[in-house]
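Novice: Next come the chains, spelled out residue by residue.
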Amino acid sequence: MKISLKVNGKKYTREVETNKNLLHFIREDLGLTGTKEGCGAGECGACTIIMNGKTVNSCLILAVEANGCEIETIEGEAKNGKLSKLQKAFHENHAVQCGFCTPGMILSARALLEKNAKPTVEQIKEAIEGNFCRCTGYQQIIEAVQDASGQLKKKEGLKRA
Amino acid sequence: MPVVGKSVPRKDAWDKVQGKARYVDDYSFSDILYATTVRSELAYARLNGIDTARALSMPGVKAVLTHVDVQGKNAVPLVFEDEPFLAQDYLRFHGEPVALVIAESYEEALAAAALVKVDAEPLKPVLSIREAIAENAPKIYKDDNCFSRYNIKKGDAETAMKKARHIFEREYETPYQEHAYLETNGVIAVPGLEDSMAVYGTMQCPFYVHDAVAQAIGIDRNKVRIVQTTTGGGFGGKEDFPSVVAGQAAIAAKLTGRPVKLVYKREEDIIASSKRHPGLIKMKIGTDERGKIVAAIIDYYIDGGAYSTLTPIVLWRGTVHALGPYECQDILIKSYGVATNKVPCGAYRGFGSPQVIFAGESIIDEIADELKIDPLEIRRLNGYKVGSSTATSQIIDQSCGLMETIDRAAAKADWKSKWQAPSSKKGSTRTGLGISTVYYGVGLGAGGKHLDRVATSMTIMKDGSVHCAIGNVEMGQGARTVLAQIAADALGASYEMVNVVETDTALVPDSGPTVASRTTFMSGNSLMIAAAELRPRLLHVAKDMLGETRDEDVELIDGWAFSKRNANGQRIHFKELAQKLYAYRLMPSAFGWYIAPDSSYDKDTGQGNAYFVYSYCTNIAEVEVDMETGEFQVKRITCAHDMGKAINPQQVEGQIEGGTLQGMGYATMEEIRHDANGKMLNNAFATYILPTTEDTPVIDPIIVEHAYDRGPYGAKGFGEVPLMGIAPAIANAVYNATGKRIRILPIKPEKILGLE
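Chains A and B, in that order, give the protein sequences. So the first sequence is numbered by the working numbering: it starts at 1 and just counts up by one. So the second sequence is numbered by the working numbering: it starts at 1 and just counts up by one.
These are calculated hints, taken from the structure and not from any lab test. Among these hints, one or two may not hold up.
[Unchecked claim] Subject to a maximum C-alpha distance of 25 Å in a straight line, what follows is the list of computed SDA-like cross-link-like pairs (lysine to any residue): (1) B:K20 <-> A:T18; (2) B:K20 <-> A:G9; (3) A:K2 <-> B:E108; (4) A:K20 <-> B:G464; (5) B:K265 <-> A:N80; (6) B:K265 <-> A:G9; (7) A:K20 <-> B:A684.
[Unchecked claim] Stretch by stretch, here's where chain A covers chain B in the computed footprint (C-beta under 8 Å, at least three residues): (8) 175-186; (9) 514-527; (10) 676-687.
[Unchecked claim] Every beta carbon over 12 Å from chain B, so not counted as near; a handful from chain A, in silico: (11) G45; (12) N52; (13) V64; (14) N67; (15) I106; (16) E122; (17) E126; (18) R134; (19) S149; (20) G150; (21) Q151.
Just so you know, even glycine gets a beta-carbon here, dropped at the ideal spot from N, CA and C.
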């Protein structure tokens, strides 16, 4: 089936098998490999993307369901080679270890900040609850989101609150 | 030191925050084939035959491999070589690889895999430690179901036990733990010219994989090249298992002559890859009237699963650490790594220690409770200080920060004013404090000393940038960053100019595995050796450029050379030094080859200097328990760690926080379940429960630095330690709150209520 959709502001029209999920379509057909498969079952959040303004697990959606939709992936986060505030905050606060959860994590955080410019720690935790990270223990990620929203007192992070 | 000790940003974070880092599944090759695995449905069976005909006739299918197609030796080269790349004669666990289907697309491979018919005759499986060691147990491995055993005999524990004022005897059990690295196992094997084979993949131990590929397809090692791709977490889970995956993919690539991608789905990764060994620990501790330990007799069993993989060395580390960081003159430890018909267990952060630490740190808490001693004081009384003698009679001669970790954690957690005996707790919501203290031998120790070596190469490029190749890998822990910091300061370059590249077996010789919290120490020292060789050459050219006559009058630091004598402000940039170095035709490269400080172990008595140095930590957990439902929350964990020197404090905190949460998962929610026939029941993230942000307590890391004089800038190594003592700290806190002692992990509300 032929589908048309916008990804990171760019329009794509592609022929796609009806049983292909959106994650594999984005990775294989569009070549945007920043979105990761961690479980293929909607449990880990590594494949999180933003679709029509809402975060979704792209492994749980068929590519054909995305026909006519606007999608944002990690590749659209930096603009003209400049890191976004969130990306910078992840970079500076050591919110990245193995990095496999990072793209999905950043998109979940971004969806939060678009709705709520100054989230509390509890709100941040809730927004990224569906994104597993096995490396960091989440603290430095939460600190990064606090930092990106102008709420982190340097050297006075969550752990010392 | 311009960068050592500073929290510089990670080298790899820039790409990772943009989704640009390339993990194995992000790579492709033009004529690539896809593989999937046909697995045993049975826990134990005689394999009579494999019918591949129907699968082979399916569209897109290029080959279906079974054990008869293995070109080399059908044995994964780890310790004993008892595990086949593809099952032969017997099926020994549910999920064991039996055949590999290779097709033009993954979907075609998957469809054909369902048509491979495995003809097997079921046998009665052995499914637990207790079954395996029972007197009339069916024998599934040699004549005793035992892969390996060790003894530690220090003094005369039996006699000392008789003289003890108090004797405490308890049994503890610990479950499986799945690593749950976010990126599953996977490789791409690419056949090359002249029968060579390259393998790209996610892994901790490229040199194990190098051995495995050479053995699987029967070619010389100089024709094998292993390139580690950006690795999405390991935690021990990518120590032994990638050897299996890479060996299989190489067999397929050699057979088909085309690149083969074999990347696991989550369900098969959990069902087939190694786990933390379940443990059974029987502790008998004798003390004097003050709670001083005078005798210890410990039996330690681990469930190795169907093949030995790394069980012998996992068991060895656990055996050495079985009593914990406590002085005692009379000790008898016996340990057993047993075989069962379940998934083979291997390395997992802590490597045989978290099991015995749970037991040891629980029983010392039980002793304190019965003798009415503050749990913190009993650890001060018995814990290691400089001069203490370990279970293997090693004298701790330096770098022992255990007491300071206790003091600092206790101060931060406000132990003195907050801790109260369980008997004083009232009400339906109760809080509790629990403590654990841990020591950990850094590196492979005497049990693996022949592998405890690391190579690095360091090259000053013509533009002054510095290229370092290392034999240990970056798997998310931050090795490339920390090692760049060490290399920069040791050489006198700036941090920004140093690039430590991902591991490639074509760049450095076999450097052993990336395990045992050894990378900062081993590769750090190796880079310092290389830097020490190059630095005099740079000083030599700098001397001429600065108009000095003696090399020793020149300083080189943070990318600039200047005269020590003449403070005229003249300085020369590293780039100019590099250009002159090449113009002088001086060798711009050096190799570092570092071998670990010596260690020893007597296999009859278990005595010797087991590890060259130890790291230490104290954890204090604070819990809140609802006495009616048994529901509990871990509110805060304070963790004080002595790692010698924090090369990058922010990364150290990240390791502490991440390891602590993994330890909390182990303590409170993670376990693998099997049915009565040995089928694994929860090989998915929906059923294997992991900690999320909502479970995360406040984790309060404290850095304690008792420098080790042979470490790079005093560093020891500690990546595993944050996980290791969390379970007993939480169990002790739960006891402190409720008076209910949990001796079988994980801690669950049902157990607190006494229902399970």
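Novice: Confirm or reject each hint.
Specialist: Now the hints, each set against the structure:
1. Between B:K20 and A:T18 the CA atoms are separated by roughly 28 Å; this puts the pair beyond 25 Å, and the hint is violated.
2. This hinted pair checks out: B:K20 and A:G9 have alpha carbons roughly 19 Å apart, not beyond 25 Å.
3. Between A:K2 and B:E108 the alpha-carbon distance is near 22 Å, which keeps this suggested pair within the 25 Å criterion.
4. This hinted pair does not check out: A:K20 and B:G464 have alpha carbons roughly 49 Å apart, beyond 25 Å.
5. For the hint pairing B:K265 with A:N80, the CA-to-CA distance comes to about 35 Å; that exceeds 25 Å, so the pair is violated.
6. With a C-alpha separation of about 31 Å, the suggested pair B:K265 and A:G9 falls outside the 25 Å cut-off, and the hint is violated.
7. For the hint linking A:K20 to B:A684, the alpha-carbon distance of about 21 Å falls within 25 Å, and the restraint holds.
8. As drawn, the region 175-186 of chain B meets chain A at 6 residues by the rule of a beta-carbon pair under 8 Å; at three or more, the given contact holds.
9. A count of 0 residues in the region 514-527 of chain B with a Cβ less than 8 Å from any Cβ of chain A is obtained; the coverage claim is therefore unmet, three being the minimum.
10. For the region 676-687 of chain B, the stated coverage by chain A holds: 3 residues have a C-beta nearer than 8 Å to a C-beta of that chain, and at least 3 were required.
11. Chain B draws A:G45 into its interface by the beta-carbon criterion, the shortest separation being 9 Å against a cut-off of 12 Å.
12. Listed as outside the interface, A:N52 is consistent with that label: its C-beta sits roughly 20 Å from the nearest C-beta of chain B, beyond the 12 Å cut-off.
13. For A:V64, the shortest C-beta to C-beta distance to chain B comes to about 16 Å, beyond the 12 Å cut-off, and the non-interface label holds.
14. With 12 Å as the threshold on Cβ separation, the claim that A:N67 sits away from chain B holds: the shortest Cβ distance comes to roughly 21 Å.
15. Look at A:I106: its CB is around 7 Å from the nearest CB on chain B, not clear of 12 Å, so calling it non-interface is violated.
16. Look at A:E122: its CB is around 9 Å from the nearest CB on chain B, not clear of 12 Å, so calling it non-interface is violated.
17. At roughly 7 Å from the closest C-beta of chain B, the C-beta of A:E126 falls inside 12 Å, breaking its exclusion from the interface.
18. Not every beta carbon of chain B lies more than 12 Å from that of A:R134, the smallest distance being close to 5 Å; the non-interface claim is violated.
19. Taking the minimum C-beta to C-beta distance to chain B, about 16 Å, the non-interface status of A:S149 holds against the 12 Å cut.
20. No Cβ of chain B approaches the Cβ of A:G150 within 12 Å, the least distance being about 18 Å, so the stated non-interface status holds.
21. Separation of A:Q151 from chain B is adequate, the least Cβ-Cβ distance of about 16 Å exceeding the 12 Å criterion.
Violated hints, in rising order: 1, 4, 5, 6, 9, 11, 15, 16, 17 and 18; the structure is consistent with all others.
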